[in-house]
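S.K.: Sequence:
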Amino acid sequence: MDLGLKNKKCFVMSASKGIGKGIATALAAEGASVTISSSNMENLKIASSEIDSKTNIRPSILEADAKNITEYLKKVSDLFNSLDGVDILITNSPGPSPIHCDQISETNLQGSLDVNLKIQILTSQLALPFMVKKKWGRLIHLTSTTAKEPEEGMVLSNLTRAAVGAYSKTISREYGKHGITSNSILTGGVLTDRTFELSKREAIEKNVSVDEIINNSNQLFPTGYFPKPLEFGEIIAFLCSPNAGFLNGLSLPVDGGLLRSH
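Letter by letter, the sequence shown follows residues 1 to 262 in UniProt numbering.
A few of these clues could be false.
As the list claims (entries may be wrong) - Heads up, simulated SDA-like pairs for lysine to any residue below, C-alpha to C-alpha not over 20 Å straight-line:
#1 Lys9 - Thr70
#2 Lys135 - Lys177
#3 Lys134 - Leu83
#4 Lys133 - Gly245
#5 Lys169 - Asn158
#6 Lys148 - Leu83
#7 Lys74 - Lys17
Claimed, not checked - Simulated restraints on C-beta separations:
#8 Ser97 - Gly249: 41 to 49 Å
#9 Ile69 - Ile204: 45 to 53 Å
#10 Gln103 - Gly179: 38 to 46 Å
The set of hints was computed from the structure by calculation and includes no laboratory data.
Glycine residues also receive a C-beta, built at the ideal position from the N, C-alpha and C atoms.
With the hints as constraints, model all of the structure from the sequences given.
M.R.: Below is the structure:
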């Protein structure tokens, strides 16, 4: 199925690994012109080369550290101006540190707000004027199932992911008339480096193997497995397509049925 994404200009945040890289790969496979960003130039070069080997399209790269908001936004603004905007924006960020409520401090709260909320909003604000001018655009905000069903020990994720979803919904209401859709994606787990990191932490706490933790986690999904990043990315690619123009304002769980709420 041709999704109609050929030559669409896409910017995927935090895409040198994991979910972001999977989405960038899926978009490139559809013929889109993709730019991926990360704070690590070496990882970006590796990711760009790997995506090229799979799709015959080499993504452009932008080294930009979201922890330095002013510098990050300047680089993204310059990129968007050079491209005359982007058609598709995927906001993404590294997951907040897993902590409990009694561990919240001014420092870790502000850091999470900057990297997991503020940067998503301000990057979207840079893209939207170009989309309005073209009367077409797709905003996809990657959040988490914790935005809907908060988890213990994940308070920073619970807070920031829910806030991104509220922003996305507001954009969908205000910009739908311009041919722009905005949706947030509630990820429930993808087999990424972060998944292994969290599984390793749990394995140490429980004194078991990482494989045992992942196998047990697989059983939490009604589908029986963690999806790989590319499988996840192919779902997102459809939401970016012209065919998905009436899918707007969603907080869409892509979690294999993990959420118990409806």
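S.K.: What's the verdict on lysine 135 and lysine 177, does the C-alpha distance respect the 20 Å limit or exceed it?
M.R.: holds, 9 Å
S.K.: Evaluate the given range 38 to 46 Å for the C-beta pair formed by glutamine 103 and glycine 179.
M.R.: holds, 44 Å
S.K.: Is it true that the CA of lysine 74 sits at most 20 Å from the CA of lysine 17?
M.R.: Between lysine 74 and lysine 17 the Cα gap is close to 23 Å, so the pair fails against 20 Å, i.e. violated.
S.K.: Taking the CB of serine 97 and the CB of glycine 249, does the distance hold inside 41 to 49 Å?
M.R.: violated, 30 Å
S.K.: How does the Cβ-Cβ distance of isoleucine 69 and isoleucine 204 compare with 45 to 53 Å: does it lie in that range?
M.R.: Violated, at about 33 Å.
S.K.: Can the restraint linking lysine 134 and leucine 83 be considered satisfied, given a maximum Cα separation of 20 Å?
M.R.: holds, 13 Å
S.K.: Given the hint that lysine 169 pairs with asparagine 158, test it: the Cα-Cα distance must not exceed 20 Å.
M.R.: Roughly 17 Å separates the two Cα atoms, so the pair holds.
S.K.: Below or equal to 20 Å on CA atoms is what counts here, so check lysine 148 against leucine 83.
M.R.: violated, 36 Å
S.K.: Given the hint that lysine 9 pairs with threonine 70, does the C-alpha gap stay at or below 20 Å?
M.R.: violated, 24 Å
S.K.: For lysine 133 and glycine 245, compute the direct alpha-carbon distance and say whether it is at most 20 Å.
M.R.: Holds, at roughly 17 Å.
Violated hints, listed in ascending order, are 1, 6, 7, 8, 9; each of the other numbered hints is respected by the structure.
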